Amino acid sequence: MAGTTASAAGLQPVAARRTRAEGASRGRRAAIWLALVVGLFALWTLVKALGGVPWRPIGAGPGSEMIWNPPFRWDFANDLNLPHWWNIAATLVAPVQRGADETLLQYLAGAAFYTWREAALGFLVGALLGLVLATIFVHNRLLERALVPYVVASQTIPIVALAPMIVFAFGPSVTSVVIIATYLTFFPVTIAMIRGLRSPDPRALELMRSYAASTREVFWKVRLPASLPYLFTALKIAATASIVGAIIGEGPGGVPDGLGRAIINFNQYYITGPEKLWGAILVSALVGIVFFMIVRLVELAVLRGRPGAAEG
Amino acid sequence: MTDSATGGSTTAATSDAASHVVEIRGVDKTFARDGRVVTTALQGIDLTIGKGEFVSLIGPSGCGKSTLLRLIGDLTEPTSGTVTVNGKPATRARLDRDYGMVFQAPVLFDWRTVEENVKLPLEILGWDAGRRQARAREMLELVELQDFLRHHPYQLSGGMQQRVSIARALAFEPSILLMDEPFGALDEMTRERMNQEVLRIWERTGITVVFVTHSIPEAVFLSSRVVVMSARPGRITDVIDIDLPRPRGFETREQRRYFELVTAVREALRHGEPRDAVGSLDRAAAEGAIG
Numbered sequence: 001m002a003g004t005t006a007s008a009a010g011l012q013p014v015a016a017r018r019t020r021a022e023g024a025s026r027g028r029r030a031a032i033w034l035a036l037v038v039g040l041f042a043l044w045t046l047v048k049a050l051g052g053v054p055w056r057p058i059g060a061g062p063g064s065e066m067i068w069n070p071p072f073r074w075d076f077a078n079d080l081n082l083p084h085w086w087n088i089a090a091t092l093v094a095p096v097q098r099g100a101d102e103t104l105l106q107y108l109a110g111a112a113f114y115t116w117r118e119a120a121l122g123f124l125v126g127a128l129l130g131l132v133l134a135t136i137f138v139h140n141r142l143l144e145r146a147l148v149p150y151v152v153a154s155q156t157i158p159i160v161a162l163a164p165m166i167v168f169a170f171g172p173s174v175t176s177v178v179i180i181a182t183y184l185t186f187f188p189v190t191i192a193m194i195r196g197l198r199s200p201d202p203r204a205l206e207l208m209r210s211y212a213a214s215t216r217e218v219f220w221k222v223r224l225p226a227s228l229p230y231l232f233t234a235l236k237i238a239a240t241a242s243i244v245g246a247i248i249g250e251g252p253g254g255v256p257d258g259l260g261r262a263i264i265n266f267n268q269y270y271i272t273g274p275e276k277l278w279g280a281i282l283v284s285a286l287v288g289i290v291f292f293m294i295v296r297l298v299e300l301a302v303l304r305g306r307p308g309a310a311e312g
Numbered sequence: 001m002t003d004s005a006t007g008g009s010t011t012a013a014t015s016d017a018a019s020h021v022v023e024i025r026g027v028d029k030t031f032a033r034d035g036r037v038v039t040t041a042l043q044g045i046d047l048t049i050g051k052g053e054f055v056s057l058i059g060p061s062g063c064g065k066s067t068l069l070r071l072i073g074d075l076t077e078p079t080s081g082t083v084t085v086n087g088k089p090a091t092r093a094r095l096d097r098d099y100g101m102v103f104q105a106p107v108l109f110d111w112r113t114v115e116e117n118v119k120l121p122l123e124i125l126g127w128d129a130g131r132r133q134a135r136a137r138e139m140l141e142l143v144e145l146q147d148f149l150r151h152h153p154y155q156l157s158g159g160m161q162q163r164v165s166i167a168r169a170l171a172f173e174p175s176i177l178l179m180d181e182p183f184g185a186l187d188e189m190t191r192e193r194m195n196q197e198v199l200r201i202w203e204r205t206g207i208t209v210v211f212v213t214h215s216i217p218e219a220v221f222l223s224s225r226v227v228v229m230s231a232r233p234g235r236i237t238d239v240i241d242i243d244l245p246r247p248r249g250f251e252t253r254e255q256r257r258y259f260e261l262v263t264a265v266r267e268a269l270r271h272g273e274p275r276d277a278v279g280s281l282d283r284a285a286a287e288g289a290i291g
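As you go down the protein sequences, you meet chains F and B in turn. Counted the way our numbering counts, the first sequence spans residues 1 to 312. Counted the way our numbering counts, the second sequence spans residues 1 to 291.
If you're looking for bench data, these hints aren't it; they were derived computationally from the structure. Because the structure is a prediction, the values reported are computed rather than measured. Do not rely on the hints blindly, as some may be mistaken.
[Said to hold, decoys possible] Now the in silico label distances, taken between C-beta atoms and shown as ranges:
id : chain 1 : residue 1 : chain 2 : residue 2 : range
1  : B       : Thr263    : F       : Arg195    : 19 to 29 angstroms
2  : F       : Leu142    : B       : Thr263    : 54 to 64 angstroms
3  : B       : Arg33     : F       : Ala153    : 31 to 41 angstroms
4  : F       : Asp201    : B       : Leu125    : 19 to 29 angstroms
5  : F       : Arg195    : B       : Phe31     : 55 to 65 angstroms
Don't be surprised by glycine CBs; every beta carbon is placed ideally from N, CA and C.
Taking the hints into account, I'd like the entire structure generated from these sequences.
Encoded structure:
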């Protein structure tokens, strides 16, 4: 076994180098991300400093002392169109209503979790539906030609038009919201998986033919594993789309506990307190990002050991 | 070492009708589009390959040598004529898993380790896990990759990948190994090493090999017979017995007989060329599908 240890030792540095390079690039990526966030807040502050309305202390009324008077007055930078980010932060940690125990952030976090559960359910059902449809289409050209145009057409209908119809059909309930999230999720998965399941090299399929492998074996051993990178690309799109779908669905769905209702509410009070809607939007974006990252982590685990798994 | 002393010992089997592995009778293959014949890939092919033979198919692009290989392996069907393998129709032979296939690209699966790639056909054949593992290791030892079991294909060089592909093709003990320009993508040095390796495996396993190649030296070095083909339509123009002594090695490529045979194959190839050779090569490139 001398040869084993020799060649294993010979290969070790390659593996070590790869890990070190990956570690370095991960650190660099984190640094870039942080720089972007800081830069964004700096730009925000700069715009407010140049063209906003006079700065006043957090929570103080219009009559209080002026901290800073910007040299210009830009409409888009006034306190209604672009609130100070520290005012948004202050609103997030303040009680959601006068006298309430719960802060806005706590309220939004609860709503976000509720919406995420609806979205995740729609995401799962939609992904499964997309997988089943793609599998059928890949094995049956006739059905593919007949039905794929309808799959595509389904996505050209604006969801705001469709949502009330779904609510009408299934009743104002969580079920309707899940169906709307499913509707937005199944499409990217179907389209990507049609491509992914067809992605194996034709010679790989000939190889399987030479083994006299069944269609089922070809699917499980070649088509499905080959399609996984495509699947995860689609799932990452679907993850964010399902959140949007759930939030939109909650309005006509009459679901009071999610982000959708919170956004509608804060929308109505925008003139008096724009910070609340901004807070709700930030939390909505955060839910989408977190869901995306969950899918990404699953992708990294599933595609471990494949070339290029660390990218994307 | 004299040529006549050992030469021909391995080709003796060809005269024994009972041990025919491949029998091709009057095979034509045409490709049609909209019901109209657009290419005659093969015309009037008769070929018999004996048990344990190493037969190379050589010819210009578009001569249908790959098509002929695919016909033997039942990856495509003849327009007319019959292909019999091990005394049964090619389709039956495929269903009986008589074929090991090696393509120009290794066609390994990146999500499987080297060992798992070799196990793939055994999984389809329904072998139990213990037997699969034992065989995969045995095969990887045969191609001298036993130290790379847990590597993924993309971590190996092109030559190593092709050796994994050969190990996989041999794992379930097919009776015939079909190789379609397996070393066409490798550099000359690696190719010569791989040639040596294939001969070693062939001698150890006694498997029948049909080998498609562009390379005259490769065909002469490896084969017991070289089948020379010409294009438009794809026909067999000559069959040359390679009576070089075995085992063949580095010094084989320096023997006078080797050079004579290389010349003979080259002449046969030139003889089979149509007069408008340049034009036909262009067309061959345009119709790359029949390569």
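Comparing the hints with the structure gives:
Taking the beta carbon of each, threonine 263 of chain B and arginine 195 of chain F are about 51 angstroms apart, not inside 19 to 29 angstroms as hinted. A hinted range of 54 to 64 angstroms for the beta carbons of leucine 142 of chain F and threonine 263 of chain B is consistent with their spacing of about 56 angstroms. Between arginine 33 of chain B and alanine 153 of chain F the beta carbons are some 32 angstroms apart, a value that agrees with the proposed interval 31 to 41 angstroms. As the Cβ distance of aspartate 201 of chain F to leucine 125 of chain B is approximately 22 angstroms, the hint placing it in 19 to 29 angstroms holds.
Judged by the Cβ atoms, the range 55 to 65 angstroms given for arginine 195 of chain F and phenylalanine 31 of chain B is violated: they are separated by roughly 27 angstroms.
Hints 1, 5 from the earlier list are contradicted by this structure; the remaining hints agree with it.
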